[in-house]
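Each chain sits in its own coordinate frame; assemble them with the hints.
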Amino acid sequence: SQQGEEDPQALSIQEGENATMNCSYKTSINNLQWYRQNSGRGLVHLILIRSNEREKHSGRLRVTLDTSKKSSSLLITASRAADTASYFCATKILWVNNDMRFGAGTRLTVKP
Amino acid sequence: SQTIHQWPATLVQPVGSPLSLECTVEGTSNPNLYWYRQAAGRGLQLLFYSVGIGQISSEVPQNLSASRPQDRQFILSSKKLLLSDSGFYLCAWSAQDRVGSPLHFGNGTRLTVT
Chain A
5 SQQGEEDPQA
15 LSIQEGENAT
25 MNCSYKTSIN
35 NLQWYRQNSG
45 RGLVHLILIR
55 SNEREKHSGR
65 LRVTLDTSKK
75 SSSLLITASR
85 AADTASYFCA
95 TKILWVNNDM
105 RFGAGTRLTV
115 KP
Chain B
944 SQTIHQWPAT
954 LVQPVGSPLS
964 LECTVEGTSN
974 PNLYWYRQAA
984 GRGLQLLFYS
994 VGIGQISSEV
1004 PQNLSASRPQ
1014 DRQFILSSKK
1024 LLLSDSGFYL
1034 CAWSAQDRVG
1044 SPLHFGNGTR
1054 LTVT
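Protein chains in written order, with my numbering: chain A, 5 to 116; chain B, 944 to 1057.
Chain B on its own, in the form it takes in the complex (with noise of 0.2 Å):
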């Protein structure tokens, strides 16, 4: 059965300091990949997506960063965090179709930037 990890679950961070969350998925090969944030009580929004391994979409400029250096993994970066970067971090993937599967995501990783 398919798997995805993500990790930390909790991280504190100071505005400036570097930021790295990884998401790693097992049990499947060449998923569609994504992160999303979510703001507290409101929706998701999608940060980026991937469709294999170096490709990477960005939907909203800002500082952050993805990469994906190996087929099941996924990285969320940034070299200096801002207050705004607070959030809930979520990893997803789904398995690449035409129609739009489902998509099964880690459990998050809450960010709070001090």
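Isolated chain A, as found in the complex (with noise of 0.2 Å):
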């Protein structure tokens, strides 16, 4: 069964502009990644975050994470055509050994 849940499903935005995604899950976890899919291909791991942790950077990402309300963004600055693809948060839960949940996704859309 699905753990995260990213919203908003699809986003469209100008180059340039920033993209934010959110993600809510519903049990206590160890940490928090996000992952990028182009169109077709294998996902590619972005950034992780633990549950001991609040916010994080990467580059042009900056992701967030608040347990008490059992959710977290993904911020990417700066958006390029290039960052058009579908992203998704997993979840590692605690005191489930090797299981991560994938949210349904959401579809970003950056226009040149």
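In short, the hints are calculated from the structure, not lab data.
From the three backbone atoms N, C-alpha and C, an ideal C-beta is built for every residue, glycine too.
Misleading hints may appear alongside valid ones.
[Stated by the list, open to error] Chain B stretches covered by chain A per the calculated footprint, using a threshold of three residues with CB under 8 Å from any CB of chain A:
1) 955 to 965
2) 982 to 996
[As the list claims (entries may be wrong)] Residues from chain A shown here face chain B by an in silico Cβ test under 10 Å; the list is partial:
3) Gln41
4) Gly44
5) Val48
6) Ala85
7) Thr88
8) Ser90
9) Arg105
10) Gly109
11) Arg111
12) Val114
13) Lys115
Here it is, written out as structure tokens:
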């Protein structure tokens, strides 16, 4: 069963704008990860944030985690057309080994 | 560096035919291995994961099975395919640790059951 739910399901912006995607989950987690998927390809890991962290940066990516609200957000700043892809959050459920649960994803379109 | 190979890239099979998808990992030892399925425009559904040779955990009851005959080889099989087995199948690996290391995915197999 899925654990995370991304919001919105689809997002369309102009190049240069910021894109914010949200993820909510239901159970206690060890960490939360964001992945990117280009159409018809495998997923690529972007960033991992642990349950005791509140914010993390990687290049143009900024991830926040609020464990009290069981939610996370992914911000992509100064978006580019090449950022067009689907973005998924995945949670590592606490005390469950080797089990990553994915949401349904946000489809991001960046128009040039 | 570690690499993951998954084949074939696309497959069209008739209902009732058998299935065998193979995945191999290079450059790491004793990885966790996973099979996911992704329906069109949807998220990933975990089908099987393995922490070692011959150790398979199944997430959903279905006509699919998985095997891990070697440390870095993971095979997804079916004796008789159903129309509902169509989808995008992804193999992935992660390092064995307690924290939950990132997953590394293959490029997937697009399966169409006709």
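Evaluated hints:
{"no.": "1", "hint": "955 to 965", "result": "violated (count 0)"}
{"no.": "2", "hint": "982 to 996", "result": "holds (count 8)"}
{"no.": "3", "hint": "Gln41", "result": "8 Å, holds"}
{"no.": "4", "hint": "Gly44", "result": "7 Å, holds"}
{"no.": "5", "hint": "Val48", "result": "7 Å, holds"}
{"no.": "6", "hint": "Ala85", "result": "21 Å, violated"}
{"no.": "7", "hint": "Thr88", "result": "15 Å, violated"}
{"no.": "8", "hint": "Ser90", "result": "9 Å, holds"}
{"no.": "9", "hint": "Arg105", "result": "7 Å, holds"}
{"no.": "10", "hint": "Gly109", "result": "6 Å, holds"}
{"no.": "11", "hint": "Arg111", "result": "8 Å, holds"}
{"no.": "12", "hint": "Val114", "result": "19 Å, violated"}
{"no.": "13", "hint": "Lys115", "result": "20 Å, violated"}
When each numbered hint is compared with the structure, violations occur for hints 1, 6, 7, 12, 13.
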